[in-house]
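The listed protein sequences correspond, in order, to chains R and H. Going by numbering that gives the first Met the number 0, the residue at position 10 of the first sequence is 9; the numbering climbs one at a time, nothing skipped. Going by numbering that gives the first Met the number 0, the residue at position 83 of the second sequence is 82; the numbering climbs one at a time, nothing skipped.
Honestly, the hints are just simulated from the structure, not real lab data. Just so you know, not all the hints are guaranteed correct.
[Claimed, not checked] DEER-style ranges, computed between Cβ atoms:
1) R:Asp-82 x H:Leu-147: 37 to 47 Å
2) H:Pro-31 x R:Ala-271: 53 to 63 Å
3) H:Tyr-86 x R:Gly-177: 28 to 38 Å
4) R:Ala-271 x H:Gln-95: 25 to 35 Å
Built from N, CA and C at the ideal position, the CB exists for glycine as well.
Residue-level listing of the chains:
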Amino acid sequence: MTPVDPSISPAPSTHAVISARHLCKRFGELRAVDDVSFDIPAGRCFGFLGPNGAGKTTTLKMLMGLADFDAGELSVLGKALPDQARAIRARVGLVPQGDNLDPDFTVRENLFMYARFFGLARQRVAERVDWLLEFANLTHKADARVDQLSGGMQRRLTIVRALVNDPEIVILDEPTSGLDPQVRHVIWGRLAELRERGVTLVLTSHYMEEAERLCDELVVMDHGRILDQGTPAALIRRHVESDVVEIRGPVSDEVVETLSTMALRVERHGTAVYAYTREPAPILDFLGQPDGLTVIHRRAGLEDVFLHLTGRELRE
Amino acid sequence: MKRSIWQVPRARLAAFSVFARNFLVWRKLLGPAIVLNFGEPVIYLLGLGIGLGALVGDIGGLPYLVFLASGIVASSAMISVSFEGMYSVYTRMVPQKTFDAIMATPLDIDDIILGETVWAAFKGLLSAVSILIVAALLGAVPGGWMALWALPVVFLLGLAFAGPAIIMTAIADNYDFFNYYFVLVVTPMFMLSGVFFPIETLPEWMQTAVLVLPLTHAIELIRPLIVGEPVEQLFVHLAVLAGFAVVAYYLAVALVRRRLWD
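Next up, chain H with everything else stripped away, as it sits in the complex (with noise of 0.2 Å):
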């Protein structure tokens, strides 16, 4: 009679009902989401890229508006992912309750969790095409048409930072609670995993520590396909972007249920 929290997720098709339902919602408020999306790229790559960039010069062998670009596709889908998988999930879960609204359908939370884990990391496709798209613009893409094989790469990207986003909605009392996790998980990520400068540059100890961050996994895929190089390791980089996703997504599927059911 009891269910368990643990029981392997059984999501179905249905759940392309809850993506669905925050595609329509994101569609009325377009006009402020490209804002967003086109705004803050834009800023980064002339700032950053070409201010900085005067005085950096090239980095291993790129100029550094084309390395910073590359980067800045996967950090930006990271960031904008997790602000999806935490501050909006929680909005419905939470305060809007609209995850209990959809409980009394047939679709079991399994679902609305895969519903929210595919729709955040299509927010973060949404956010990589638009700085692609500038960083094109700016001449920083040597990849060609080659660089859209990075656009899957950003989505798998997505699904492996939903999960944890979630984990940590499904534990959060409040908005506050989220202010942990970017310090000490997206922020060094952010500033460690390749954006900015190679990771060749850390400490060799760090350089092995930041393999545990599915990020570097991210950039280390992204960044030769924008650019036009041959991808090493294809599948090790692939095999931890799909690990992160899968897990997390049953971790989160089980915390929320732990919060949800009675």
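For reference, chain R alone in the conformation it holds in the complex (with noise of 0.2 Å):
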């Protein structure tokens, strides 16, 4: 790994619950996590950025003992893996990318075979059983088919039995895509209410607003490696300036000449110039309410950062 800046490699933490120490994974000739170190903090939310691709998913299945790693390593909870897969297993709960609930069960039997699988009995977690469709809001759902679910309920269901053995760590691959934002926001809130519970949570995702909202502190990574890591206000504010212009429509070169000697950076992508500043009012001045443009200023966020550190060409 050659990185950017020296403060990207952690500092040894005495309470972290998960470290990760130069991991590194080929399949075939794709490096696809390269040299990746990182901790994580107990009772924290701590986030993994990135396109498709960039090794995010297979991180998350490292530390869960479901992925090998070529070298490196990896402890969970105090537990080197993948020696003690098996432990650390027990103690932590998978939310994967894609819901893997039993169809031939109803709601609640969902729950109870889960638990089973943590050999744990029925009448020992039949309370929480009925706390965690509470928690899911699927209480007048606990007798329904899982087919019967729309997807929303899927997730929250899929969310929940990832709870059954009461985790020390949650670990959530894209939790909410997909979902229409009324799901969105009460995951975003029963995530939180976890945490808060000092469970702590390790994510990935593709909204920035996600990540901004719930990541303490978060890492981008592409191409199996890790570019930058931080919390998301100091993430913004090592890579991005403080505001964007943003100018949608048909943009003259002679603009966006005059544009570059006004701001710190300008990148025309598509039909749209985006003019990235701390000094947001001369250029607002100078546009004024130009015909057949629309104009937009903004505070910069963590999506310029990603854009930034990651590009801006396609990942298929």
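Work from the hints to combine the two standalone chains into their complex.
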């Protein structure tokens, strides 16, 4: 790894519940995970951001002992992987990217059955299952079959299924991908609640808003490497200017040239021009209210950091 | 750091929860299961045993219905186990991703495949029990209560056939792939292992060849137990079935690991 910033190498943390050092994994020629190190402190929400194929899901699978690594060291809850994977999985919950609920069972049966895989007998988890159904707003659907649930309900059930063993860490691979905004907000609220109860959350996401809201700390990954790491605010400060003026429509080359002298950075992508600056007022004055163009002024966010670090070309 | 797919499986008692999952689902769909378990053997035994039996007369010193019933007990267990180990296990492993869900719990592939193997053998046992009941009602179980000794053998036969079926599942890209196994493995055994006629009627080289087939050994055990005759070479037949069960379980675990491990 060639760090862009020496501060990337995480300082050893005494209360880290997950600690990774120089993890590497190849699929043939492809370096899926390439010298990745990080520490995840207890009780925090830690995010992995990156485009498709960045190595996020593979990294999460390693934490559960579900994917091998070729080199490096990885420990979860003080136990080394891959040798102690079973003991680790007993204390961790996983919300996979795609729901894999059991279609032959009702909502409640799904939870009881999953508890059984953890060696938890029905009587022991009966109260917990009731509480989980309530937590997921699924009490009224407890006896419905899984295929009678909407996508959002299935996702909520998958999330509470991962809580059936009262885990200390919950790993979520794109928890709200493909869901409508209402469901997404409910899930964010529940995840925040879990964090307040002291559960460590580890998630991947494509949604910058999700990462900005939920994550105390995050890493940006691409091509199997960690590009940078920090709090959302620190990442924004470090990589992009405070403000963005976005101009949509047919912007002439002269305008772009003038903007270049006023802004710290100007980029043209598709039919929009982005001017990054710390002093937006003069730029907005200069632009005025031009015909046929839409001018939007906003604070820079994680999305700008993400695009800055990982580039704008399509990942397919 | 790398796990080897060839490391010796270490399944635990926890595997029983996988069996329990399948049992609970099966219990929900009991109606169609019973129709299949009882309907088919009744048709086979009435159609072939009584219809064809009238033409054939005695075979190997037994009424044809008796001869056939003891063969069908074994073959239907084989077919039932093979269906379970292929179509049903594939459904749980691939489209339903049930195995992925279970692998996120403390259970390993070792446990999942053990649970599935025992479950498939149990399905074979259910099928054999229903045939035995039908056969007994038709008066085709001269061994009386001694015939119940056939059931542990059927269970062992089930274990021996579950592994190969799960091996096919581990390498299958889709359901159609299982046609190869049915046409090339299950059907030849069904026809040649002594279900419908004694293997002694085969040409000599074929008699030797069918000795590598597990169903032949299962029938050599099950038929005398149902008929009430002494079993010859008991331990040879048991050892062949147990050998198939152990080796196939090991290969099944290795190949499912190869498929599901990242």
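Of the numbered hints stated earlier in the document, which are not met by this structure? 4
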